[in-house]
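Model the full structure from these sequences, guided by the hints.
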Amino acid sequence: MKMRKVKRYKYQKLQMRLAAVFLIPWVIGLILFNLYPIFSTIYYSFTEYNLMKAPDFIGFDNYIEIFHDPIFYQSVYNSFYFVIVGVTLQIGLSVFSAVLLNMKIPGRGFFRTVFYLPSLVPPVASSLIWMWLLNPQYGLVNSFLKLIHLPQPLWLSSSEWSKPAVILMTLWCVGNTIIVYLAGIGNISGEYYEAVELDGGSSWAKFRFITWPMLSDITFFQVINGIIVGFNTFTQSYMVAASSPKSNGTLGGIKNSLMFYAVNIYNESFKYLKFGYSSALAVIMLIGMIVITFVLFKISNSGGNDR
Amino acid sequence: MSKRKIKFYLRYIPLLILGAFYFIPFLWLISTSLKGSDQIFSHPPKWIPNPVLFGNYKESFEAIPYLKYLLNTIKTTSLAVLGNVISAPMIGYAFGKLKWPGRDKVFLIVMATMMLPFTVTMIPLYSLFSKIGWINTYVPLFLPDFLGKAYFIFLMRQFYLSLPEELLEAARIDGASELWIYLKVAVPLVKPAIVTVALFSFVWSWTDFMGPLIYLTKSEKWTISLGLSQFTNSYGVDWALLMAASAIAIIPMVILFFFLQKYFMEGSINSGIKG
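Here the protein sequences come in this chain order: D and L. With positions in the first sequence counted from 1, the corresponding number in our numbering is that position plus 712. With positions in the second sequence counted from 1, the corresponding number in our numbering is that position plus 224.
It is worth saying that the hints were derived from the structure and are not from the lab. Note that beta-carbon positions come from the ideal geometry of N, C-alpha and C, so glycine has one too. A portion of the hints provided could be inaccurate.
If you want a taste of the chain L side facing chain D, the calculated C-beta under 10 Å gives, among others [what the hints assert, rightly or not]:
id: 1; residue: 265
id: 2; residue: 327
id: 3; residue: 350
id: 4; residue: 352
id: 5; residue: 361
id: 6; residue: 372
id: 7; residue: 391
id: 8; residue: 427
id: 9; residue: 434
id: 10; residue: 461
id: 11; residue: 485
Structure below.
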C-alpha cells in the first residue's frame, strides 16, 4: 500500500515534468499573442500613436473623440443590426437545414455535401461570387426576381439593401453550424419522439418540445460564436469597397452602410494611421464582448434553473 | 400515385429549394468563368456558355502573377499545418492526459483566448512585428500555429479525454517513460484528430484574408486570397476572369473535401460541443 503511494507520486512528478515542457510553446503564445497585445492595446488607447514616433500619452482624449464621432455610432448600429438579424437567421437556417438533412430518405448524403460545400469557399471568393449574383443589372438574383415579378433591389449599391446582402452572403456559408446541429439531433434518443407520438403530437410538436430544447447547449455556443464572428465582419465589406471604382479605397460602402465595427478599426489604423484612436475602439469592443458574453451566460443559467 | 408516395416526394421539396440556394452559386460561378464578355451581360442570363472559353482560366493566371500567389499560399499553408500538427497534440496532451495541479483551471484560459478576436490584438502585433522587421515575411502568419491555436488545443484535448486511462497506466507499469508513452501510445491513438487539425488549419490558412492583408504589403509576397481581392485594382471588374480566378482559389478546398469528407465532418461536430 505504502509502496504504491510512493510510486504514484513518482509518476505524477514525471508527468508534471513532461507537461511543463509541452506547455512552453503555449505559454509563449499566450504572452506574445494574447496578454501582450491586450495590455498594449489598453496602453495605446490612452496615447496618440502613428507607429513612426513613440506613443504620446494623452489621457482619455481618444475615448472623448470616439464618443463625438458619428462614424463610431454608425459602425455600432451597423454591427448590431448585422449581428442581431444575421445570427438569428443563421441559427434558424442551420437548424432547419439540419432537420431536413436528418430525414432518412435516399440521397441525403448528396444533400449533406451540397449544404456543406459553400463553407469551404474562401471569404474573398464567396464575396466576389455574391457580388456578381447580386449585381443589380446583370445578376442572377435580380433576373430571377424579375421573372416572378418581385421588386429588384440595388443590393450592395443601396444603403438600405447592402446589409441584407452581406447577411445573405454569410447565410450561404453556414455549413459548419449545420453539421454541428445535425450531430446534436443524432444524439437525441428516439424514445422522446415516441412519447410525443403516443400523445398524438405533430412533427411541429416534436420539433418544438423535443428537438429545439434538446439543442439548447449547441445553440448557446453557436450564438456566442456568431456574435464574436459577427462583430469582426470585415472581408465582405472590404471586397465591396475594393471593387467599386467610386470608393477610391475608402471602406464602408454606400453612405457608410457597410461600415462595421471591425472595418472602422481597420480604417482608423491602416488608412489614417491613428493607432491610438483605433486601440481605444478595440478596447471598447473587448469590453463590449465581455459584457455580452457575461450577460448571455447569466440568461442561459437562469433559464436552466427553471427547467 | 398513392398518397404515401406523394408524401414521400413532398419531403424533397424543401431540400431541393435549399439545395438550389447552396448549389446554384457554384454553377453560376463555373458558367460565368467560361463566358466571353458579350455573353456575361445578356438578358435573360444564359447558363451554357457559347463558345466555351477555357482560355479565361489561362488569362486569369496571366493577368496577375496568380501562380506566384498560389505558390506563396502553399508555402504559408504548409507551414501553418506543420505548426499545428506539432503543437496541438502536445499541448492538448498536457491538458487532457497529464496530471498537474490547477490543470483544469488553466484550461479555462485556453477557452478564453479562443474568444479573443484578431481585431482586438492586431494593432500591437502589427506594431511589434514591424519593429522586429517581420512585415512582408510569413513569420507573423505561421508563428501562432507553432505556439498552439486555442481551438486545436481544445479539439485534441477532447480526443485525449475519450481515451481510456488504462492504456497509459499499463505502459507506465511496464516502466515506459512519459515521453515514450506520449509518442508511442497516445499519438497513434489520436491520429484521426491530428488529421482533422491538419485539415482545418489548411482551410483556415488558405482562406485567411485579414492577416495577409495587414502583414504582406509587397505584392510578390501575396497569398491567393489577397491577390484575388486586389484583382479588380489591376484588371478592372471583368466578371469572367474574376470568376475563373475565384474558381482556382476554391478548387483545392473542394478536392480536399471529397477525399477527406469524414474528417471535415468530425472537426465540425467537435467545434460545436465546446463550452
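Outcome of the hint check:
Look at residue 265 of chain L: its Cβ gets to within about 5 Å of chain D, closer than 10 Å, so that hint holds up. The restraint placing residue 327 of chain L at the interface with chain D holds, with a minimum CB-CB distance near 8 Å, inside the 10 Å limit. The interface hint given for residue 350 of chain L is met, as the beta carbon of that residue sits about 8 Å from the closest beta carbon of chain D, less than 10 Å. Hint status for residue 352 of chain L: holds, given a least beta-carbon distance of 7 Å to chain D, under 10 Å.
For residue 361 of chain L, the interface hint is violated, since its Cβ never comes within 10 Å of a Cβ in chain D; the closest pair sits about 16 Å apart. Evaluation of the residue 372 of chain L hint against chain D yields a held restraint, the C-beta minimum of about 5 Å falling below 10 Å. At its closest, the beta carbon of residue 391 of chain L sits 15 Å from a beta carbon of chain D; the interface hint therefore is violated under the 10 Å criterion. Here the hint on residue 427 of chain L is kept, as its CB sits about 6 Å from the closest CB of chain D, short of 10 Å.
A least Cβ separation of about 6 Å between residue 434 of chain L and chain D falls short of the 10 Å threshold, and the interface hint therefore holds. Interface restraint check: residue 461 of chain L against chain D, minimum CB-CB distance 6 Å, threshold 10 Å, status holds. For residue 485 of chain L, the interface hint holds, since its Cβ comes within 10 Å of a Cβ in chain D; the closest pair sits about 7 Å apart.
Consistency with the previously given hints fails for numbers 5, 7, ordered from lowest to highest.
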